[in-house]
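A.B. asks: So you can see what is in the structure, the chains are spelled out below.
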Amino acid sequence: MKNFFKIFSFIILFSGLSLSTQAAEKVEYLKTDWSFKGPFGKFDRAALQRGYQVYTEVCSSCHSMKYLSYRNLAEKGGPEFSIEQAKAIAASFEVKDGPNSDGDMFTRPGRLSDKFVMPYDNVQAAQAANGGAYPPDMSVLVKARGGGVDYIYSLLQGYEDPPAGVTLDDGVYYNKYMYGNKIKMANQLSDGLVEYSDGTTASVEQMSKDVTTFLMWSAEPHLESRHQMGFKAIVYLIILTILVYFSMKRIWSRIETEV
Amino acid sequence: MSDHEYTPKSKFGKWFNDRLPLLTLANHLTDYPTPKNLNYWWTFGGILTFCLITQIVTGLVLAMHYIAHADMAFDSVEHIMRDVNYGWLIRYIHANGASMFFLAVYIHIFRSLFYGSYKAPREIIWIIGIIIYLLMMAAAFLGYVLPWGQMSFWGATVITNLFSAIPLVGEGIVTWLWGGYSVDNPTLTRFFTLHYLIPFLILGLVVLHIWALHVPGNNNPVGIDIKKPSKDTVPFHPYIVIKDGFALLMFMIVFAFFVFYTPNILGHADNYIEANPLVTPAHIVPEWYLLPFYAILRSVPDKLLGVVAMLSAILILAALPWLDTSKIRSAVFRPLYRQFYWILVADVLILGYVGAMPAEGLYLLVARVATAYYFLHFLVILPVLGWKEKTLPIPLSITEPILGGSPNLATAKNKESLNK
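The listed protein sequences correspond, in order, to chains A and B.
Taking this note's numbering, the leading residue of the first sequence gets 1, the next gets one more, and so forth.
Taking this note's numbering, the leading residue of the second sequence gets 1, the next gets one more, and so forth.
No lab work stands behind these hints: they were computed from the structure.
The model shown is predicted, which means the values in this text are computed figures rather than measured ones.
There may be inaccurate statements among the hints.
Unchecked claim - Partial pick of chain B residues on the chain A-facing surface, computed with a CB cut under 7 Å: (1) E78; (2) L248; (3) M252.
Claimed, not checked - The following label-pair restraints were derived from C-beta to C-beta distances: (4) V158(B) to P109(A): 32 to 40 Å; (5) P301(B) to T201(A): 56 to 64 Å; (6) T280(B) to E205(A): 32 to 40 Å.
Claimed, not checked - If you want the footprint, here are the derived chain B segments under chain A, 3+ residues with CB under 8 Å: (7) 7 to 17; (8) 208 to 215; (9) 255 to 267.
Just so you know, even glycine gets a beta-carbon here, dropped at the ideal spot from N, CA and C.
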């Protein structure tokens with residue numbers, strides 16, 4: 001049994017090491033409480049709905065979210081808009097469809113099954129409109145950046161005047177959390193930029209937090225069921241392990257050897 | 001082998017067994033005499049079998065939904081994560097399962113190194129194990145390419161380019177591997193095919209690995225030959241089955257923690273960016289389990305020699321049964337070897353660490369020293385140690401330890417008076 005604990009602590013140590021090396025690479029990002037962290041973490045429904053509002057009103061003019069459909073907005077574990085709300089949201093977008101029986105493309109109001117409408121037709125159009133920089137698709141953005149949600153949250157609030165000696169080209173901005181500090185996206189958020197229907201004050205900090213929460217959901221739409229299932233699975237495994245441990249002790253007690 | 005003659009009880013069983021002795025095999029597997037002092041380091045064989053089966057089963061389901069095409073692979077992975085029922089669970093088990101597989105295999109290999117399980121008469125088991133390990137690395141690398149993210153693409157580019165170091169035919173081989181002049185759709189489709197094939201090759205080799213094990217039987221922590229069956233052994237079922245099962249459940253708890261709570265921590269964030277041949281990531285790093293070899297590769301300034309060094313680092317293990325000249329198996333009775341063993345463990349961990357860091361300055365220096373030491377351990381320290389080391393007296397059996405044991409296993413065995 002002593003040996004066993006040695007092995008087990010070795011595995012825990014390995015896990016700890018892998019976690020801490022990830023942590024060591026981080027710059028000091030701004031901290032905030034994320035409701036979805038931890039084994040019981042869940043999304044803050046209101047924050048997701050506000051975050052969706054920030055995305056549509058601010059980000060979506062340049063950033064696509066090609067893996068999201070309007071139906072996702074009404075699904076469990078997400079912003080959980082009602083079906084009617086989600087339908088209304090979808091219908092507020094013009095979707096290109098076709099070809100019809102005459103062979104022509106046409107536009108129609110969006111449906112729940114449609115993917116989020118893209119701001120540009122293709123990558124080249126997006127680059128042409130943004131000084132050569134492609135505004136990345138935001139569907140899995142928080143998983144595609146080393147610092148994750150903390151990085152995105154900080155980046156949105158990290159705009160500063162460049163320190164003395166740093167010169168910036170046209171269309172390049174200074175951000176203290178960006179890799180290399182130079183970013184082609186201008187500061188987008190300012191206090192009161194959007195008007196939240198639930199009365200929350202739309203400070204830059206609040207909007208950053210809401211939209212980052214929304215991005216976390218878009219990258220991990222099944223996060224809540226993953227956490228819930230994980231808890232059940234691990235409790236089940238622990239109980240089973242304890243039962244098997246006592247069975248093992250019983251079986252091995254037939255011979256005089258320690259397990 | 002010490003299998004007693006087995007006859008099935010039922011008439012049908014007898015009839016069937018005469019034609020295909022499956023029941024004899026099942027009887028052999030349950031009765032298989034196993035040393036009773038096997039500690040928990042020995043449970044990783046069973047854990048590895050579990051890992052292999054898990055990877056095959058989850059992989060089959062993933063392959064039903066995945067599309068091996070450069071334009072659609074990344075999208076199809078997101079489709080699995082979002083729209084396939086429990087697709088996220090299957091994919092996270094498969095992705096983290098690879099890491100768990102390697103964690104278990106490293107423990108399994110280092111257990112063998114500590115207790116001298118590779119020594120006569122178990123050389124063939126060991127060499128089959130090395131081939132399995134090589135195939136595992138191939139499968140893991142090929143699998144990492146399939147999501148077609150940035151690390152997939154650039155990892156594939158870096159690794160396949162290693163073949164260009166071969167004189168004269170190198171460039172041609174790389175073009176042949178790629179199926180074109182860069183990593184592209186033909187590369188992806190063949191990588192997918194091979195990724196699907198290799199696990200079944202591994203499965204076949206695992207059968208041989210276990211077959212070869214069942215000829216001499218398990219080594220054990222004391223490292224001595226034992227009589228089978230005897231007071232020193234227990235039947236595989238139920239004793240070892242329940243113990244392996246208990247250890248496997250503990251392992252599954254760790255596994256589940258990764259899958260459910262930190263599913264992406266062992267991967268690289270860049271792999272959630274779709275492959276882009278025009279943008280090179282700042283640091284191209286392999287998965288954690290390949291880092292020690294990556295460090296060895298980069299520590300040699302010449303490309304060809306670097307590749308040779310990296311391959312030698314793995315292949316040298318196959319010669320281990322002959323490089324280790326000591327007659328004593330278990331490090332328990334080899335005080336000097338025990339210390340060098342732990343230095344080797346530290347050396348490999350250091351290589352893994354510097355493999356993750358940029359190859360410059362102090363990191364590069366450390367990588368070079370650690371690489372040199374790695375080869376020194378196998379090529380110089382092990383052979384010399386076998387001749388010079390003063391080993392401790394070994395016991396004659398597991399149940400009756402240290403009864404006038406001799407430091408030399410062969411003489412101890414030959415003394416009839418000591419062997420009843």
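A.B. asks: Could you say whether the range 32 to 40 Å given as a hint is met by the Cβ separation of V158(B) and P109(A)?
C.D. replies: Since the Cβ atoms of V158(B) and P109(A) sit about 48 Å apart, the hinted range of 32 to 40 Å is violated.
A.B. asks: Are there three or more residues in the stretch 208 to 215 of chain B whose C-beta lies within less than 8 Å of some C-beta in chain A?
C.D. replies: The restraint on the stretch 208 to 215 of chain B is violated, since only 0 of its residues have a Cβ under 8 Å from chain A and three are required.
A.B. asks: Can you tell me whether the CB distance of P301(B) to T201(A) sits inside 56 to 64 Å?
C.D. replies: The hint (56 to 64 Å, Cβ to Cβ) holds, given that P301(B) and T201(A) are roughly 60 Å apart.
A.B. asks: Return the status of the interface hint for L248(B): holds when the least beta-carbon distance to chain A is below 7 Å, violated otherwise.
C.D. replies: violated (9 Å)
A.B. asks: So, E78(B) near chain A? Judge it on the closest CB pair being under 7 Å.
C.D. replies: The hint holds - E78(B) has a Cβ within 7 Å of chain A, the shortest such distance being about 5 Å.
A.B. asks: Are 3 or more residues of the stretch 255 to 267 of chain B near chain A, judged by a Cβ distance of less than 8 Å?
C.D. replies: holds (count 11)
A.B. asks: Count the residues of the stretch 7 to 17 of chain B with a beta-carbon closer than 8 Å to any beta-carbon of chain A: does the count reach three?
C.D. replies: Since three or more residues must qualify, the claim that chain A covers the stretch 7 to 17 of chain B is violated, with 0 doing so at under 8 Å.
A.B. asks: Would you settle whether the hint for M252(B) is holds or violated, based on the nearest Cβ-Cβ distance to chain A being less than 7 Å?
C.D. replies: holds (6 Å)
A.B. asks: Kindly confirm whether 32 to 40 Å is satisfied by the beta carbon distance between T280(B) and E205(A).
C.D. replies: holds (35 Å)
Hint check: violations occur at hints 2, 4, 7, 8; the rest are consistent with the structure.
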